[in-house]
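*Asks:* Take the sequences, apply the hints, and build the full model.
Residue numbers (my numbering), protein chains in the order written: chain U, 1 to 304; chain C, 1 to 330.
Keep in mind that a hint or two might mislead.
Across the chosen pairs, the derived CB separations fall in these ranges [said to hold, decoys possible]:
hint, chain 1, residue 1, chain 2, residue 2, range
1, U, Lys-36, C, Tyr-32, 45 to 51 Å
2, U, Met-142, C, Phe-298, 58 to 64 Å
3, C, Val-197, U, Arg-189, 45 to 51 Å
4, C, Arg-205, U, Lys-291, 33 to 39 Å
5, U, Lys-291, C, Ile-123, 15 to 21 Å
6, U, Val-76, C, Lys-155, 31 to 37 Å
7, U, Asp-184, C, Met-122, 34 to 40 Å
Honestly, the hints are just simulated from the structure, not real lab data. Think of the CB as a built atom: it goes at the ideal place given N, C-alpha and C, for glycine as much as any other residue.
Letter by letter, the chains look like this.
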Amino acid sequence: MTIFDITIQQLVNGLILGSFYTLVALGYSMVYGIIKLLNFAHGDIYMVGAFVGFTILSFLSGILGDEWTGILASMVLAMIAVGFLGVFIQRIAYRPMLSAPRLSILITAVGVSLVLFNGVMAATYGEYTAFNTGLDYEGITMGHIHITYTQMVMVAATALLMATLHLFISRTIYGKAMRAISIDMDACRLMGIDVNKIIGLTFFVGSALAAAAGVMAGVYYGSIHFFMGFVIGLKAFTAAVIGGIGSIPGAMLGGLVLGLLEAFGTQIPWIGSEWKDVFAFGLLILLLIFKPTGILGRTEIERM
Amino acid sequence: MTNHSPPTAIAVKKPGLEERLMSLLDDKKRRYPTYAVLIAGTLLVPFISDNYILEILANSFFYIVLCLGLNIVVGFAGLLDLGYAAFFAVGAYTTGILTSHYGWNFWLTIPAALVFSIMAGMIIGGPTLRLRSDYLAIVTLGFGEITRIAARNLKDISGGPSGLIGISRPSFFGLELNQIQHYYYAFFILVLLAIFVSYRLQHSRLGRAWQYVREDEDAAEAMGINRVAIKLYAYVIGAVFAGIAGCFFAAKMTAISPDSFQFMQSATILMAVVLGGMGKIPGMVVGALALVLFPEVFREIGSMRMLVFGVMLVTMMIFRPQGIWPERRN
Numbered sequence: 001m002t003i004f005d006i007t008i009q010q011l012v013n014g015l016i017l018g019s020f021y022t023l024v025a026l027g028y029s030m031v032y033g034i035i036k037l038l039n040f041a042h043g044d045i046y047m048v049g050a051f052v053g054f055t056i057l058s059f060l061s062g063i064l065g066d067e068w069t070g071i072l073a074s075m076v077l078a079m080i081a082v083g084f085l086g087v088f089i090q091r092i093a094y095r096p097m098l099s100a101p102r103l104s105i106l107i108t109a110v111g112v113s114l115v116l117f118n119g120v121m122a123a124t125y126g127e128y129t130a131f132n133t134g135l136d137y138e139g140i141t142m143g144h145i146h147i148t149y150t151q152m153v154m155v156a157a158t159a160l161l162m163a164t165l166h167l168f169i170s171r172t173i174y175g176k177a178m179r180a181i182s183i184d185m186d187a188c189r190l191m192g193i194d195v196n197k198i199i200g201l202t203f204f205v206g207s208a209l210a211a212a213a214g215v216m217a218g219v220y221y222g223s224i225h226f227f228m229g230f231v232i233g234l235k236a237f238t239a240a241v242i243g244g245i246g247s248i249p250g251a252m253l254g255g256l257v258l259g260l261l262e263a264f265g266t267q268i269p270w271i272g273s274e275w276k277d278v279f280a281f282g283l284l285i286l287l288l289i290f291k292p293t294g295i296l297g298r299t300e301i302e303r304m
Numbered sequence: 001m002t003n004h005s006p007p008t009a010i011a012v013k014k015p016g017l018e019e020r021l022m023s024l025l026d027d028k029k030r031r032y033p034t035y036a037v038l039i040a041g042t043l044l045v046p047f048i049s050d051n052y053i054l055e056i057l058a059n060s061f062f063y064i065v066l067c068l069g070l071n072i073v074v075g076f077a078g079l080l081d082l083g084y085a086a087f088f089a090v091g092a093y094t095t096g097i098l099t100s101h102y103g104w105n106f107w108l109t110i111p112a113a114l115v116f117s118i119m120a121g122m123i124i125g126g127p128t129l130r131l132r133s134d135y136l137a138i139v140t141l142g143f144g145e146i147t148r149i150a151a152r153n154l155k156d157i158s159g160g161p162s163g164l165i166g167i168s169r170p171s172f173f174g175l176e177l178n179q180i181q182h183y184y185y186a187f188f189i190l191v192l193l194a195i196f197v198s199y200r201l202q203h204s205r206l207g208r209a210w211q212y213v214r215e216d217e218d219a220a221e222a223m224g225i226n227r228v229a230i231k232l233y234a235y236v237i238g239a240v241f242a243g244i245a246g247c248f249f250a251a252k253m254t255a256i257s258p259d260s261f262q263f264m265q266s267a268t269i270l271m272a273v274v275l276g277g278m279g280k281i282p283g284m285v286v287g288a289l290a291l292v293l294f295p296e297v298f299r300e301i302g303s304m305r306m307l308v309f310g311v312m313l314v315t316m317m318i319f320r321p322q323g324i325w326p327e328r329r330n
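*Replies:* Structure representation (structure tokens):
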């Protein structure tokens, strides 16, 4: 393997990793942008998405097969189901807390995370679940580099989801309402925007994207676990901060940057894969200290 | 903590349990006898109970110290710390490494742990306390994970994933501390110290500054309070509480591993603080006791414990954010 081969291979790994980070980071950023809540439970939503997708796929595989049609159908269904779960959580746990002190709603989010995490742990007895699909390792081979079709489809699907989200935010009336609420919620209320409905919609979209990432990660890694959401929740937050939290293009950019940094970072001999989480968190901390607004974030002027 | 639930009815004729509890600790004439009875009762427990009960109580005392420490950060200063177990790991590993690798005396490791916890508090708090409170929460979560991963990966000093075993027992004037009774009293002394320090801090100039910053950061700063400095004090003092508790934890268990310092540990301590009522010292005692006793009483739920805690955390925040200890009314 030459340096060139390693570079291409890590580029592909980084893009895949970055796709997962991006999809989760989008939910973080959207929710933060609209109600300034750091939704700690978001990583767990991703994990629940993987499990819901897996359950649906095991029902559907008899009808649609366990290849692309089945996976796609179960991904879409999982997105819808988990989207509603997000709305439900928002309705039960976060809406009563909107006017409460910041600390209270943060603690509520930690509580929601504990519920999801331990609920799935109890349901699966803490075991790894094999996510079997009919996909194989076929793909394009160029010299030492092998890129599977699965990898290509995943990057393409992420790109498609991001493009759809971008159109939704920039072109529809709902997207416009979301952008307006993130600027001034009270003014929106006076203008007759149903703020609660739009907040619910934001949770729906964010949770659905996380579920999509969860299903894709299950398909890609071949196994799912109740613990899978914890680290990716932290990483996706890092990605959201890299891009500038609250900014949607920022979350997209941040996810890809973090995925690539991590893929290449672990190639540095003295870092190694056992330190890769430390690498990402270290990056987050340095970034928060030196450039908390991120790459695309706006500098916020706080008024008193 | 500002209370955002609607004000409760004022006209209460007969004093309820809350009022009677409060009057025991607030009334000057009743306060000291109450304390004396509580302390004497606790000191007598080992003479009448078996090792199982002592084990649970010693464990509760240990959590009371951790809760009081986290209370300084979360309750007094209003900063959410999700990586508190990292500080407790610093203390436990300092004792573990110094006694097993370098043959130090246990009592000498306490000042070392003190220094290391202060350093850890400053390293984590120093650069991050300028950030907004919600960023701080996630940074502490990240630091907690970094500490645990480092403990797992630095195999030569920390023993790697299996941790350190055979940490030597401390001796106290020739008496080797190897009975549960010894640790019961050791942790009880720590609890008394922690309560005393917390109480003195709460009513000090620093305590009032914390309260001010917690309620209105901008106004506090306009009044000349250096908010970053006083937040750092809260952080470092909280770290010291956990570090010293960690030393005794290592001595009691004689074995420590990175698994003792997972995120769930931090979440559990936070749960006890919220349950007891953030910022209230008697509340911390109640919260920690409830936290340790709950799984012992409801043995059947076993692994569902954290699930129940999660539901309780959300329910508490929505319906009773001031915690189970009654609110001081004046």
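*Asks:* Any of the earlier hints contradicted here, and which numbers?
*Replies:* 6
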